[in-house]
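**Student:** The residues making up each chain are set out below.
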Amino acid sequence: MTNVIEIDSLHYRPGKGFALQDLSIHVPAGAIYGFLGPNGSGKTTTIRLVLGLLRPQSGRITVLGDRMPDDAPKILARVGYVPEQPHLDPTLTVNEIIRFQAAFYPTWDGARAAQLLRQFDLDGERLFGRLSKGQKAKVMILLALAQQGELLVLDEPTDGLDPVVRRDILAALLEYVSQRGAAVFISSHLVHEIERICDWIAVMDDGRLVTEVPMEQLKNGTKRLRVAGAPATLGPTPFALFAREPATAAAETWVVGEWKPEMAGYFAGVGASLQDVIDLDLEDGFVELLRSFRAGRSERSA
Amino acid sequence: MFRVMLFTQWKWSRLIILFGTIAAFALPIISLQGAASADRSPLEAQDLLRTVQSWGTLYPVLAAALGLFVAMAAWAPDHRGRHVHALTLPLPRWRYVLLRCAGGALLLAIPAAAVFAGALLATATATLPPGLQSYPFALATHFILATAVAYGVFFAVSAATPRTAGIILAAVGALIAVQVVAGVANVNFDIVSPLTLIVLGPAGPFAIFTGRWMLVDV
Chain A
7 MTNVIEIDSL
17 HYRPGKGFAL
27 QDLSIHVPAG
37 AIYGFLGPNG
47 SGKTTTIRLV
57 LGLLRPQSGR
67 ITVLGDRMPD
77 DAPKILARVG
87 YVPEQPHLDP
97 TLTVNEIIRF
107 QAAFYPTWDG
117 ARAAQLLRQF
127 DLDGERLFGR
137 LSKGQKAKVM
147 ILLALAQQGE
157 LLVLDEPTDG
167 LDPVVRRDIL
177 AALLEYVSQR
187 GAAVFISSHL
197 VHEIERICDW
207 IAVMDDGRLV
217 TEVPMEQLKN
227 GTKRLRVAGA
237 PATLGPTPFA
247 LFAREPATAA
257 AETWVVGEWK
267 PEMAGYFAGV
277 GASLQDVIDL
287 DLEDGFVELL
297 RSFRAGRSER
307 SA
Chain B
2 MFRVMLFTQW
12 KWSRLIILFG
22 TIAAFALPII
32 SLQGAASADR
42 SPLEAQDLLR
52 TVQSWGTLYP
62 VLAAALGLFV
72 AMAAWAPDHR
82 GRHVHALTLP
92 LPRWRYVLLR
102 CAGGALLLAI
112 PAAAVFAGAL
122 LATATATLPP
132 GLQSYPFALA
142 THFILATAVA
152 YGVFFAVSAA
162 TPRTAGIILA
172 AVGALIAVQV
182 VAGVANVNFD
192 IVSPLTLIVL
202 GPAGPFAIFT
212 GRWMLVDV
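Protein chains in written order, with this note's numbering: chain A, 7 to 308; chain B, 2 to 219.
Keep in mind the hints are simulated off the structure, nothing from the lab.
Ideal Cβ placement from N, Cα and C applies to all residues, glycine included.
Some hints here could point you the wrong way.
Listed below are the simulated SDA-like cross-link pairs for lysine to any residue, each with C-alpha atoms no more than 20 Å apart in a straight line [said to hold, decoys possible]:
hint : chain 1 : residue 1 : chain 2 : residue 2
1    : B       : Lys12     : A       : Leu137
2    : B       : Lys12     : A       : Ala109
3    : A       : Lys139    : B       : Lys12
4    : B       : Lys12     : A       : Lys80
5    : A       : Lys142    : B       : Val85
6    : A       : Lys225    : A       : Gly241
7    : A       : Lys80     : A       : Leu137
If you only want the chain A side, here are some residues facing chain B, beta carbon under 10 Å, derived [to be verified]:
hint : residue
8    : Arg54
9    : Pro79
10   : Lys80
11   : Leu82
12   : Pro89
13   : Thr97
14   : Leu98
15   : Gln107
16   : Ala109
17   : Phe110
18   : Gln153
19   : Leu247
20   : Ala249
21   : Glu251
22   : Pro252
The shape of chain B in the complex, shown without the other chains (with noise of 0.2 Å):
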């Protein structure tokens, strides 16, 4: 059951997982191309820890279109049906729901394994200046919990009515017009930092996707 399941997303979603899995063993071995050698002074070390940051940001971003898109491939086809042959499968939907989320699980496992197997390949054939070191399995094991707290909020939104989906961009829209109409009337109101700062803060939800995205670091 969980055969023919996994590859019907893999028939929808293939050629999102293989661009996102050529970008994601790229990234690491574009980061540190021509960056690091042995001679290296430490100012330079400080040149190269400002590019690999630079691009460090690229990754939380791949992760969130990966988790979106695969989310999105998940149902789109149940959608276009209207989940009538969904529903009158043999089994309890939540089970059906559960082996859907678990093909696209399985799924993103590739791209993230490519986050590994490109930074062990960048950090292989790079020689890094003394006191800095590489973290190619820390950086994939990041890059894993993003992309699957991505996936989790879309699937569970794509999993919705198309009525439910509105409601929640609709408020998300409401919330930054508010804001901008308080900003244009020059009123001292400001409900989105608060809220960024609950979503994207330490102990918010999305925290996974802030901090220090480094393939090297001190």
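If we strip away everything but chain A, and leave its shape as in the complex, we get (with noise of 0.2 Å):
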């Protein structure tokens, strides 16, 4: 099994306006996944799908080698679930939600449940309802690594968070990865997060998919580039051409995606001179990217 979570062709419309559209991804064993894009882009929508919560029109979603939603509680004993807002019972105690989650899986870990909770310095016998929203992710987190899932999905863990609680969850994670060598499946509109702790990312629109490529290749491969006398039209490129704005009456920005090196000998074939080369932060690539897919949808639909 080369892929934990496998999307293939998938259409979900849950009504009449937003709608999953032909969405493909592919999640590699052992990776940090982060799944990117704007409030309402999809994010959760994906996530339920593979869960199973909720059923796809058309399309194939495979997790860790099962077909979803056919063969769920079989996936779900090894998949390890943070939903976005803690869905448990608030009149439960944090000890009564432990052993009622033990309960359901064979792989838990108590030992690791324990070790948890004094590490989280949560009160086991606190009413979960009484917790602070960092309490509650901590518990939430407690319970996925607890299970010893071999794939974490994760929607928005950390959303809405301090500083110190996103930090001691994250470091919780991290630890968990390593050493059981878990993949992770998470999504978050917080792009330095993604940016830290992934090394794979999707970025998705409006329901569609921007773009999947390892981490590196997109915070490598997006650039600002500084190019003087080039054509007002252009052939292919060997790069992804991303936005193109006049900057002084002589010389344009460009932003391009999949930047090598060796791609400069380019400018002088079209005429042209490439005068500097700018490196982008992930927040900058990932706002470009934007833009141009929504540029490129606005002129198919004109």
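Hints are included, so try docking the two chains, each in its own frame, into the full complex.
**Tutor:** Listed below in structure tokens is the structure:
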């Protein structure tokens, strides 16, 4: 098994408006896969489809080698899930929730649960409903890690949390991944968080996949170029051209993806000159990527 | 697995079960209190039967209330969490529903046992007039079956989405509204009576709630 999650040609339309269209995603085994996109882009819907909470209209979802939703119970026994909103019963104590969860997972690691309870400084006798937002997030992570899943699916697990709690959670997550070699599928709109921990990244916008690449490729391949003397119309380029804007009277700024230094020779071939190559961080790259994707869609629909 | 499921349901419905059990235990005792003594004449035996019968109307009410509240308590936390937790547990949905159903059913056995215990105590401490006999086992069985029917129906309705439950309630409401309008307009149209007969008649699903709920009878 090379991919822990494989989504092929997925279509899902819950109502008249939003729809996931022709979505294909491949999460490699052992990867920490960041799922990035603006609010409402379809990240949570995709995660719900991956977990069998929703049924796709068409397409195929395979998780850990089994078909979802047909083999849902088998898959869910091997997947740890942290939802966007804590969904546990507020009238149960933390210890009661842990005991409840442990009964359903044959691989449950009680020692790890106890250790995380101490590490997160959680009071086991406290009602879940009385916990702060950060404490609730810690309980959710504790449950996902103690069940020893081969795949962790995390839906904006640190959204709205203070930096200390966020750091605690990410540290526990990374420790687990390094010990178990588990894959992580983590959705977020916090670009810097994704940049720090992920080795693969997929970007969604309006129900469509914009790109799916190794993190290094996106980070190293997204550049801002200063180009002089470029012709108004261009043929095919060896890199992905996201944006082209006038900078001065003589020069333009290009935002490109999949850039490699050897591509500099292209400019001489079209009668232009490359004056400067500027690195972009992931956030800038993400914004340019989305801008280019949206502009392309507007042109096609026009 | 069943143990933790039972525990959560106990936690959610323990007050209902507690009050239901007290009521179920007290009802047979109160219905016979001061009513039975050895020197009663046949006419007084008639009075006793009337008293027992009037108290007997409370058994189906208690059974229905227990079935309703325990069924609602079984699903309320899942509805609050939009079923996400339940649906991400590694077991088929039907098995989860079965575990929830069995948990509630087992808890309802407590008030049913209380009816039996209360009935036994009431008849053991009373002297019945000649010709009258006690039926604690039959009464408890009647109560268990009524509770099971109420629980089953309300469990199914509670398990549904709020939309489905809304549709069911709207249909019942519409039916009653039509009947009221027909009554006000003096139209000879009675839909409630035949439906009541179907539901509560001898072959109806809720027939168990009708009939005589007698701890003491001839």
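**Student:** Next step is simple, just say for each hint if it's right about the structure.
**Tutor:** Do the hints match the structure? See the list:
1. B:Lys12 <-> A:Leu137: Given pair Lys12 (chain B), Leu137 (chain A) holds - Cα atoms ~19 Å apart, limit 20 Å.
2. B:Lys12 <-> A:Ala109: holds, 17 Å
3. A:Lys139 <-> B:Lys12: Not satisfied, since the Cα-Cα distance of roughly 24 Å exceeds 20 Å.
4. B:Lys12 <-> A:Lys80: Outside the cut-off at roughly 29 Å; violated.
5. A:Lys142 <-> B:Val85: holds, 16 Å
6. A:Lys225 <-> A:Gly241: violated, 25 Å
7. A:Lys80 <-> A:Leu137: Violated, because 32 Å separates the two Cα atoms, which is more than 20 Å.
8. Arg54: holds, 9 Å
9. Pro79: holds, 5 Å
10. Lys80: With Cβ-Cβ at 7 Å, under 10 Å, it holds.
11. Leu82: Interface hint status for Leu82 (chain A): holds (4 Å vs cutoff 10 Å).
12. Pro89: holds, 6 Å
13. Thr97: holds, 7 Å
14. Leu98: Holds: closest Cβ of chain B sits about 7 Å from Leu98 (chain A), inside 10 Å.
15. Gln107: This hint holds: Gln107 (chain A) lies near chain B, its Cβ roughly 8 Å from the closest one there, short of 10 Å.
16. Ala109: Holds. Min distance 4 Å.
17. Phe110: Phe110 (chain A) check passes; min Cβ-Cβ to chain B is 5 Å, inside 10 Å.
18. Gln153: This hint holds: Gln153 (chain A) lies near chain B, its Cβ roughly 9 Å from the closest one there, short of 10 Å.
19. Leu247: violated, 42 Å
20. Ala249: violated, 40 Å
21. Glu251: Constraint on Glu251 (chain A) not satisfied, violated at 44 Å.
22. Pro252: Result: violated, 50 Å to nearest chain B Cβ.
Hint compliance for this structure: hints 3, 4, 6, 7, 19, 20, 21 and 22 are not met, and every other hint is.
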